[in-house]
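*Asks:* Spelled out, the chains give:
There are 2 protein chains.
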Amino acid sequence: MTRPTRKLLETLKGHAQPIPPVWLMRQAGRYLPEYRATRTKAGGFLDLCYTPELAAEVTLQPIRRYGFDAAILFADILLVPDALGQPLSFQEGEGPKLAPIRSEAELATLKPEATRPKFGRVFETVARLRQDLPHETTLIGFCGAPWTVATYMVAGGGSSDQADARAWAYRDPAGFGRLIDLLTDVSVEYLSGQVAAGADALQIFDTWAGSLPDNEFARWVTEPTTRMVAALKSRHPEIPTIAFPRGAASQAKAFAAATKVDGLSCDTSMPLPAMADLGDTVCVQGNLDPLLLVAGGPALDARVDALKAAMAGKPYIFNLGHGIVPQTPPENVARLIARLRQTSG
Amino acid sequence: MTRPTRKLLETLKGHAQPIPPVWLMRQAGRYLPEYRATRTKAGGFLDLCYTPELAAEVTLQPIRRYGFDAAILFADILLVPDALGQPLSFQEGEGPKLAPIRSEAELATLKPEATRPKFGRVFETVARLRQDLPHETTLIGFCGAPWTVATYMVAGGGSSDQADARAWAYRDPAGFGRLIDLLTDVSVEYLSGQVAAGADALQIFDTWAGSLPDNEFARWVTEPTTRMVAALKSRHPEIPTIAFPRGAASQAKAFAAATKVDGLSCDTSMPLPAMADLGDTVCVQGNLDPLLLVAGGPALDARVDALKAAMAGKPYIFNLGHGIVPQTPPENVARLIARLRQTSG
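Chain order of the listed sequences is X and U. If you use the working numbering, the first sequence corresponds to residues 1 to 345, in order. If you use the working numbering, the second sequence corresponds to residues 1 to 345, in order.
Source of the hints: derived by calculation from the structure; they are not laboratory data. Quick caveat: nothing in here was measured; it's all calculated off a predicted structure. Check before you lean on any hint, since a few could be wrong.
Now the in silico label distances, taken between C-beta atoms and shown as ranges [to be verified]:
| # | chain 1 | residue 1 | chain 2 | residue 2 | range |
| --- | --- | --- | --- | --- | --- |
| 1 | X | A302 | U | A258 | 16 to 24 Å |
| 2 | U | K13 | X | K97 | 50 to 58 Å |
| 3 | U | T343 | X | T281 | 42 to 50 Å |
| 4 | X | D185 | U | P330 | 36 to 44 Å |
| 5 | X | G93 | U | P33 | 34 to 42 Å |
| 6 | U | P18 | X | G175 | 35 to 43 Å |
Some chain X residues close to chain U (C-beta under 8 Å, calculated; not the full set) [claimed, not checked]:
| # | residue |
| --- | --- |
| 7 | S160 |
| 8 | A167 |
| 9 | P213 |
| 10 | Q251 |
| 11 | L291 |
| 12 | A295 |
| 13 | A299 |
Just so you know, even glycine gets a beta-carbon here, dropped at the ideal spot from N, CA and C.
Kindly produce the complete structure, drawing on both the sequences and the hints.
*Replies:* Written out as structure tokens, the structure is:
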């Protein structure tokens, strides 16, 4: 059986499309009533992530509603530490909680060989999805980048400035480097398992890449991502990878060249001329402001048009610069899709 | 009497120095035991800001200890809304609290004509400082940029993504624009009063500039700053202004050209080659990671050397990429100054 043509995959190969393919970060989420209903059924957030039937269901919901060009696996970047044996919990209305890892001894409690049972549930979700999705819809697997996942593991949760991880990296670069290396290796296995289960493309989320100076960025963001992309390419030459080093607009071009990613996702602050310039060397994704999707109206239309115009003739995947926020009116997403796909004007 | 030569002012005029002048954002602060002692005497944080004797004292403390090339007035960017009649409070261990302003009616409660009593206390601090500082020490006055101050006024305090201000700007750009215009005008008066009282240079802090897409950045960051710089230049042609649009590294060059600022302060994420490039057109300030100042040691020395080397021959003011953090060991600041000022190697 030949693989059907998928517009988003064609774009990632460098072929510009007259109408850019589109998906939205956190497109499966609390702004959708059907998501909230499934979430209630699941119990906790982690139960939702680890129950293939339910995780697949919420992944499919926005595809049914809007016909996005890609579905992204419903999961969380912190399933990796959880599977490694750093137990994760989510309190209602608060962020994630983990027992912090800040020393070699705590690092030694992580068990890369023990991830299979939890990762296996995620792979099952992927397999269900590839079966249930329309053929033309690309299925994106993902993980958090080693740096970003490490910031949560070291802080024991979210933090405004990632100070604990940055401090460990300065104090003991060799020790911190072992955590990054471990995460790099485990993340390659995790993504590789997603590909084996049916993922067509991969995205690596580096939400906190922007908090690092250039020399630390090279060491903790560019290097591990380069290593991941190379390892994945050697195992799965046909599977493209998108990186999202958020907050690092000024380093985007050099990062894309160094890592050899197929796609680079741009955050909200990336100027349009810089995105267009980047589009000459790599497939570009992003950067609509999620708050503009809350506001809607003619301002939303104007920015959609501006993004389309700036990226015309270049390989471009329409997306947000950050995840959809819960207060987004679902009708504004429909408006965005209609505007993007209208052929005149 | 002729004005004595001040190394930092010379640098802001575009004259590169063999050893860059240095000051550090939040150099008067909780990492210093003498600051904590004065703070205890003052009662609340706002009392410290509004008591000229005490505010001048904490401003002078780091100058006495380290001989920085500049002192920066001790104050807070939220004194402007407080003086406008949006009462401000600081709870111990929490951030600032304000009654949110999100509508025209709430906007009408602000009284630009009523700021004088509170601003007057700040001006008195400035006057004391210019009298007490060594002649060679530049006195920097400052305010928050309209966009950043507005984000606090609209949210009623700090917020992780400035969503309330951004949402108002999308929903009702004309109404939000009136808040920005009011802040622009009041900030010019405020900085102009600081100059009249003795400030030698000015800095405009735009901590949250990085959360905006390029078109919104142009409207809410670049435009008001341009207007402020032009108004201040016409009143005080000899007084240089430094802008600090944090998180906007990718827009730094265009921003500096548009606003005609004398100095551009760069955050931690600005790559050194981009800083050096910027140094061909404007005086550059920054971007040492405050957490590296916590770590200290050879890593700190190496980065100080790298910054000096990258900016050699260009007008450059040594500084951090963000404020000093409270856990900074005071001896690491001494180490930084010694390393920076050593003439060999």
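*Asks:* Sort out which numbered hints this structure fails and list those numbers smallest first.
*Replies:* Of the numbered hints, all hold.
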